[in-house]
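For the record, the sequence lines run as chains H and P.
Take the first sequence: its position 276, counting from 1, is numbered 276 in our numbering, and each next residue is one higher.
Take the second sequence: its position 191, counting from 1, is numbered 559 in our numbering, and each next residue is one higher.
Just to be clear, a hint being listed does not mean it is correct.
Claimed, not checked - Once the Cα atoms are required to be at most 27 Å apart in a straight line, the calculated DSS-like pairs of lysine-lysine come out as:
hint, chain 1, residue 1, chain 2, residue 2
1, P, K713, P, K528
2, P, K410, P, K440
3, P, K528, H, K72
4, H, K105, P, K528
5, H, K105, H, K72
6, P, K440, H, K42
7, H, K105, P, K410
8, P, K473, H, K42
9, P, K699, P, K713
10, P, K528, H, K332
11, P, K410, H, K42
12, P, K440, P, K528
13, H, K160, P, K440
14, P, K410, H, K332
15, P, K410, H, K72
16, H, K72, H, K160
17, H, K160, P, K473
18, P, K699, H, K72
19, P, K440, P, K473
20, H, K72, H, K42
21, P, K699, H, K105
22, P, K699, H, K160
23, H, K332, P, K440
Worth flagging that the hints you see were computed from the coordinates, not collected in a lab.
Just so we're clear, the structure is a prediction, and the values are computed from it rather than from any experiment.
There are 2 protein chains.
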Amino acid sequence: MSLVPHNPQAGQVHIGLGDRSYDIRIATGLMSNADAWLGLPKAAAALIVTNETVAPLYLAQLQAALQPHYAKVHVCTLPDGEAYKTWESLQLIFDVLLGQACDRKTVLFALGGGVVGDITGFAAACYMRGVPFVQVPTTLLAQVDSSVGGKTAINHPLGKNMVGAFYQPERVLCDLSSLNTLPPRELSAGLAEVIKYGPIADMAFLDWIEQHLSDLLARDPQALAHAVQRSCEIKAWVVGQDEREGGIRAILNFGHTFGHAIEAGLGFGVWLHGEAVGCGMVMAAHLSQRLGLVDAAFTQRLTALISRAGLPIVGPDLGAQAYLHHMRVDKKAEAGDIRFVLIDKPGSAVVRGAPDALVAEVIQACCR
Amino acid sequence: MSLVPHNPQAGQVHIGLGDRSYDIRIATGLMSNADAWLGLPKAAAALIVTNETVAPLYLAQLQAALQPHYAKVHVCTLPDGEAYKTWESLQLIFDVLLGQACDRKTVLFALGGGVVGDITGFAAACYMRGVPFVQVPTTLLAQVDSSVGGKTAINHPLGKNMVGAFYQPERVLCDLSSLNTLPPRELSAGLAEVIKYGPIADMAFLDWIEQHLSDLLARDPQALAHAVQRSCEIKAWVVGQDEREGGIRAILNFGHTFGHAIEAGLGFGVWLHGEAVGCGMVMAAHLSQRLGLVDAAFTQRLTALISRAGLPIVGPDLGAQAYLHHMRVDKKAEAGDIRFVLIDKPGSAVVRGAPDALVAEVIQACCR
């Protein structure tokens with residue numbers, strides 16, 4: 001049994017962080033439900049940050065939902081993609097805020113995927129030293145992972161997410177309808193983060209995913225609702241214990257150390273983040289197995305599920321040295337020592353180092 | 369009597385902010401005192417951020433002090449001046465940190481005045497979502513005000529300190545010896561912030577400043593030690609009650625609303641921040657008087673002291689409309705309403721609005 005409590009009241013997950021606590025609401029058609037927008041901080045103005053892909057689909061809906069609550073609803077539309085998760089995009093947000101004389105009560109709304117959420121959250125953390133913000137994630141990856149937990153950041157030419165803040169939103173609103181417009185490749189990328197929660201915290205959830213994977217790929221609303229809710233519950237449980245990643249929170253990075261090396265090695269954006277994490281989980285399972293923590297059956301089972309989800313299970317052939325280099329400059333490394341998130345028994349993760357030679361063996365076995 | 373406790377143990381002030389608490393240490397020759405550097409967070413690397421003016425004077429001393437504690441002591445030297453409190457300078461810091469593969473335990477040291485302290489603090493707040501930092505202020509203004517209390521920021525082309533964070537240092541080390549190299553104009557600018565603490569919190573301290581102003585201008589070590597300590601005590605008392613400026617902390621901005629308009633109207637850097645604050649206090653006292661909160665004798669007394677400290681007491685003739693405009697886009701304004709810090713009786717401040725017509729009268733009376 002998993003240690004993580006399940007809320008039978010579907011559609012709501014609470015993140016308990018003292019005076020920074022908030023709720024995640026999960027439902028179909030949430031954006032057009034007036035109740036979803038009640039009780040947010042009052043202000044003269046709101047700013048919606050979105051991107052060129054999402055704006056034509058959902059911006060009008062969100063503007064209509066916010067207009068009863070804010071005298072002015074400004075918009076900042078960024079170019080789409082990881083390549084724009086930069087200081088320049090952040091500056092575009094500040095330009096609108098200052099150009100419109102927005103004061104320090106202004107509420108920011110992040111309408112989009114992980115990039116929009118991370119950059120908007122960081123803008124909110126910094127503008128006048130902090131204004132409130134709300135996450136309205138429109139991708140599966142953002143709904144189950146990046147919009148929850150307060151990690152915000154932009155990229156630096158020398159590293160991903162290197163400049164950022166821990167800054168919690170006022171609320172996360174996951175409208176499951178928005179997943180209907182998601183390209184299949186991005187749906188699969190989101191499933192990687194859903195699958196992640198099984199091996200690190202809840203093998204019963206992994207069972208459930210295995211049984212309902214075709215429903216998830218077919219975007220069955222009930223299946224998606226459960227997948228998002230259970231993922232958020234597990235994330236909330238972890239983040240509630242360790243907001244600033246001093247300890248247990250690092251287990252959420254299962255698959256991310258190898259995944260980060262794939263993204264950095266190929267150039268960010270070549271593989272989607274979720275694709276790199278999917279393949280990274282396969283590699284981390286192999287490393288766990290070679291360290292004697294899990295058996296071959298576990299590795300095979302996880303690999304099969306990741307493959308069925310439409311994700312790559314073979315890493316690009318960058319060479320072991322390139323992998324090791326990229327993992328050493330990862331944020332999680334300490335004084336050059338790579339910290340891996342490994343499965344120490346199914347449903348439980350551990351953060352530890354591993355001998356370079358063993359890691360190189362895994363890279364050799366998993367990449368071509 | 370002031371409500372602010374005085375620590376008879378000279379040379380130490382505690383900022384009580386729960387798990388973000390820290391000490392300010394104040395002494396002559398502190399940088400070369402090995403004890404001052406004990407007990408800071410352990411790390412493989414430190415980074416000293418300084419500027420081209422301060423580096424030739426104190427960098428070697430600080431490097432020598434840190435070398436026993438950190439295997440690597442990196443340096444980032446910025447150009448000097450408010451004009452460089454920008455994203456570009458912040459980027460230079462991140463370039464060094466990432467170029468040297470500094471991990472998220474790396475400790476940053478801000479060696480310089482307010483600009484270096486604010487920008488280094490903000491870099492520490494953002495780098496890998498937060499690394500520890502230490503303030504080593506070398507100007508009077510930074511020692512009595514900007515290095516204490518965790519306000520960090522950079523400027524935006526459309527406004528000063530518009531992008532930043534509340535982020536507390538691990539320690540503040542005020543070496544009074546560094547004030548010996550301070551240009552007289554900057555000494556006076558620092559005295560503006562020292563004088564500020566009297567009218568808002570402690571009239572006995574104002575008496576003391578009046579009696580010891582010539583000692584302070586002559587850089588008498590004992591007089592400077594008391595001025596820095598008492599200023600820090602008052603700031604610590606205020607910040608301890610209201611870290612994120614939800615209420616009482618705003619009183620520390622006495623003189624800053626008019627001062628901000630002077631700086632913005634003339635172009636930042638034409639007047640030093642402390643000069644603008646000095647003149648701004650004169651204007652705020654006049655406004656307090658016109659609102660019937662203080663008598664003419666108080667305004668005259670404060671004006672005389674500010675003048676004796678070598679600070680301007682007549683504002684530049686920007687026109688009332690320009691003053692009002694700049695004050696409306698100040699961070700402290702709410703939905704365009706200007707919030708003034710006024711003296712409601714000597715030794716006590718209040719934050720409130722005032723009729724535009726009355727403000728215009730004050731501007732007319734105080735500027736030419």
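Here's how the hints hold up against the structure:
Under the criterion of a C-alpha separation no larger than 27 Å, the hint pairing K713(P) with K528(P) is inconsistent with the structure, at around 30 Å. Under the criterion of a C-alpha separation no larger than 27 Å, the hint pairing K410(P) with K440(P) is consistent with the structure, at around 12 Å. Straight-line distance between C-alpha atoms of K528(P) and K72(H) comes to about 24 Å, which keeps the hinted pair within the 27 Å bound. Distance hint between K105(H) and K528(P) is fulfilled; the C-alpha atoms sit about 18 Å from each other, no more than 27 Å.
Distance hint between K105(H) and K72(H) is fulfilled; the C-alpha atoms sit about 13 Å from each other, no more than 27 Å. Proposed proximity of K440(P) and K42(H) is contradicted: the alpha carbons are some 48 Å apart, above 27 Å. In summary, the hint linking K105(H) to K410(P) is not supported, as the alpha carbons are separated by about 38 Å, beyond the 27 Å threshold. Restraint check for K473(P) and K42(H): the C-alpha separation of about 38 Å exceeds 27 Å, so the hint is violated.
With a C-alpha separation of about 25 Å, the suggested pairing of K699(P) with K713(P) holds against the 27 Å cut-off. Taking the CA atoms of K528(P) and K332(H), the gap is near 34 Å; set against the 27 Å cutoff, the hint is violated. Simply put, K410(P) and K42(H) have alpha-carbon atoms about 43 Å apart, too far for the 27 Å limit, and the pair is violated. Restraint check for K440(P) and K528(P): the C-alpha separation of about 34 Å exceeds 27 Å, so the hint is violated.
A hinted pair counts as satisfied when its Cα atoms are at most 27 Å apart, and K160(H) with K440(P) qualifies at roughly 24 Å. Straight-line distance between C-alpha atoms of K410(P) and K332(H) comes to about 17 Å, which keeps the hinted pair within the 27 Å bound. Annotation: proposed proximity of K410(P) to K72(H) is violated, straight-line Cα distance about 48 Å (limit 27 Å). Restraint check for K72(H) and K160(H): not satisfied, since their Cα atoms lie roughly 34 Å apart, outside the 27 Å limit.
Of the pairs offered as hints, the one joining K160(H) and K473(P) holds, with about 18 Å between alpha carbons and a cut-off of 27 Å not exceeded. For the proposed pair K699(P) and K72(H), the alpha carbon gap of about 18 Å is at most 27 Å, so the pair holds. Simply put, K440(P) and K473(P) have alpha-carbon atoms about 13 Å apart, close enough for the 27 Å limit, and the pair holds. The straight-line distance between the Cα atoms of K72(H) and K42(H) is roughly 12 Å, inside the 27 Å bound, and the hint therefore holds.
A threshold of 27 Å between alpha carbons decides the hint, and for K699(P) with K105(H) the separation of about 10 Å falls inside it, so the pair holds. For the given pair, K699(P) sits about 31 Å from K160(H) by alpha-carbon distance, which is inconsistent with the 27 Å threshold. Note on K332(H) and K440(P): the hinted pairing holds, with a Cα-Cα distance of about 20 Å set against a maximum of 27 Å.
In summary, the numbered hints that this structure violates are 1, 6, 7, 8, 10, 11, 12, 15, 16 and 22.
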